[in-house]
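First residue of the first sequence: 0, per numbering that gives the first Met the number 0; consecutive thereafter.
Source of the hints: derived by calculation from the structure; they are not laboratory data.
Note that the structure is predicted; figures quoted are calculated from it, not measured.
The beta carbon of each residue, even a glycine, is placed where N, CA and C say it ideally should be.
Be aware that a few hints might be false.
Under the rule of at most 27 Å between Cα atoms (straight-line distance), these lysine-lysine pairs were calculated in the DSS-like manner [to be verified]:
1) Lys159 with Lys338
2) Lys431 with Lys452
3) Lys295 with Lys456
4) Lys431 with Lys488
5) Lys452 with Lys488
Each pair of labels, with its calculated beta carbon distance range [what the hints assert, rightly or not]:
6) Ala199 with Lys159: 44 to 50 Å
7) Asp500 with Lys240: 46 to 52 Å
8) Lys159 with Gln88: 36 to 42 Å
9) Glu299 with Met66: 21 to 27 Å
10) Gly294 with Trp458: 48 to 54 Å
11) Gln235 with Trp215: 50 to 56 Å
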Amino acid sequence: MNAAGGLRQHRDTVGMASSASGSAPLIVWFRQDLRLNDNPALIAAAAAGRPVIALYILDTATRDWSMGSATRWWLHHSLAKLAAALRQQYDLQLTLRRGDPAALLPALMQETGATAIHWNRVYEPASIVRDTAIKAALQVRGSAVETHNAALLFEPWTVKTQAGGWFKVFTPFWRACLAQPAPVPQRAPKKLTPYAGALASDALEDWDLLPTKPDWAGGLRETWTPGEAGAAERLQDFIDKDLHRYANGRDRPDLNCTSRLSAHLHFGEIGPRQIWQAVQMAAERGDARIAQNVGKFLSELGWREFCHHLLFHFPTLPQQNFRDDFDAFPWNPNADHVKAWQTGHTGYPIVDAGMRQLWHSGWMHNRVRMIAASFLIKHLLQDWRVGEAWFWDTLVDANLANNAGGWQWVAGSGADAAPYFRIFNPIMQGEKFDPEGDYVRRWVPELAQLPNKYIHKPWTAPESVLKQAGLVLGQSYPLPLVDHATARKAALAAFAALRNDADQAVGDE
DNA sequence: TTTTGAGTTGTTCGA
DNA sequence: GTCGAACAACTCAAA
0 MNAAGGLRQH RDTVGMASSA SGSAPLIVWF RQDLRLNDNP ALIAAAAAGR
50 PVIALYILDT ATRDWSMGSA TRWWLHHSLA KLAAALRQQY DLQLTLRRGD
100 PAALLPALMQ ETGATAIHWN RVYEPASIVR DTAIKAALQV RGSAVETHNA
150 ALLFEPWTVK TQAGGWFKVF TPFWRACLAQ PAPVPQRAPK KLTPYAGALA
200 SDALEDWDLL PTKPDWAGGL RETWTPGEAG AAERLQDFID KDLHRYANGR
250 DRPDLNCTSR LSAHLHFGEI GPRQIWQAVQ MAAERGDARI AQNVGKFLSE
300 LGWREFCHHL LFHFPTLPQQ NFRDDFDAFP WNPNADHVKA WQTGHTGYPI
350 VDAGMRQLWH SGWMHNRVRM IAASFLIKHL LQDWRVGEAW FWDTLVDANL
400 ANNAGGWQWV AGSGADAAPY FRIFNPIMQG EKFDPEGDYV RRWVPELAQL
450 PNKYIHKPWT APESVLKQAG LVLGQSYPLP LVDHATARKA ALAAFAALRN
500 DADQAVGDE
């Protein structure tokens, strides 16, 4: 069955607007909340007992950080799943429209006689600007607008220091969060009244969200199951198989025991409240190993929360150094080096494995993200925003807050950032966290025949070993793009220059 | 206001 | 191979 095909409605029909606002329809505007459970906008709309219109708008008017290629792929499938679920559960059509929400929403309300609209907030700068204006305009027209929180455990304006400011350090931030009452998810509405009129809807396929020539999405299809059901299954699988060893296992890309919920979370196919409750319940069921690991896992959810709160309070996070002394950092732009990094040809196996995993599957293990990001920034001295942009386009979980927060953290320009001297050694990291080389062998197959001893540093292998492994360095696999020790010294020198600049600036005053 | 303790994820060097 | 110290100085959060 092609769920998307069922969305077509060929007839433009003027809705039967009711004059009695008591039975006038209301709109649920889906955005980054593509689920039925724990969806406060949907729940509130259903509870009103009036006809419900379910709407998704492909926003072509907001230019800032428009979706990357991998997230467009995910969105297509997630919308198809949402449409199918709405139809199956409530006999409700998901109406698809493309354009400027500021124009489309009042038009749809006019068309249908809808007098109220619900949506769940997106806590990103461009969305806030857009939605604030839309809300004001709709209210001027006399419409009721209600917005809700589906995306975060705690509202960004509620987590404050004792002095009333915003946290810039994670640990006290998370302590303050944990002091709040535990967030509780709500179930999907049991029933709701679907809007009876026929509504014109775009066909999902016409949005061209999927790649065609070439179709590079094969690796994504074999790796992911977008949609609310896929998210729930992923969470359950994680709790059953991996939560009990999360604290240590999370650092092992070869073991693959992280939750892999990031993209589901980004699209709101599952919410943080649901995850929170599910792992707490698993811990309470009595498995001591799970109980020991839950705190660590929740703190990762805490980092997601922290990044979102940071972005809310510091909206320039994706573009500008959080610490402005980094504006003087002596980057060394080099298109060839960036290309080698992007395509997984740096000559450092753990970095290349990660970059190829990303290209193939739209995702990279967290530990390897740090190593690969550190390499781009500190070994190659490329601006963190170059890496941020590549991740934005290639990650299925590309999320403005997490991506910006992560890159600034690695660069050392962010909140609570890594100290300048923390420069990952890609060889040592590989040997420590991929000890058997399984991860490298999977993603860099040309190295598969190398013995473990050389898998993370092939250039040190004797000629006979290389020959045995069928490897010609510089041909079938690159030599290291830069020498680790040399690059490390250069990075330290660059950071030293930054400090000197800062001292100079103080001296100038 | 001042003081104090602390701050996700590391590496290198020398004993 | 293992271990502790050094790598800076600063900012943040709270007492």
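To see whether the hints hold, each was checked on the structure:
Distance restraint check for Lys159 and Lys338: the Cα-Cα separation of roughly 42 Å exceeds the 27 Å cut-off, and the hinted pair is therefore not satisfied. Proximity of Lys431 to Lys452 is assessed by CA-CA distance (about 12 Å); at most 27 Å being required, the pair is judged to hold. The suggested pairing of Lys295 with Lys456 is violated, with an alpha-carbon distance near 32 Å, which exceeds 27 Å. Of the supplied pair hints, the one linking Lys431 and Lys488 holds, its CA atoms being roughly 22 Å apart against a limit of 27 Å.
Among the hinted pairs, Lys452 with Lys488 is consistent with the structure: their alpha-carbon atoms are about 26 Å apart, no more than 27 Å. Ala199 and Lys159 have their C-beta atoms about 46 Å apart, which keeps the hinted 44 to 50 Å range intact. For the pair Asp500 and Lys240, the beta carbons lie near 50 Å from each other, so the given range of 46 to 52 Å is met. For Lys159 paired with Gln88, a C-beta distance near 39 Å keeps the hint of 36 to 42 Å intact.
For Glu299 paired with Met66, a C-beta distance near 24 Å keeps the hint of 21 to 27 Å intact. Taken as a hint, the range 48 to 54 Å is violated for the pair Gly294 and Trp458, whose Cβ atoms sit roughly 41 Å apart. At about 30 Å, the beta-carbon gap between Gln235 and Trp215 misses the expected band of 50 to 56 Å.
Violated hints, listed in ascending order, are 1, 3, 10 and 11; each of the other numbered hints is respected by the structure.
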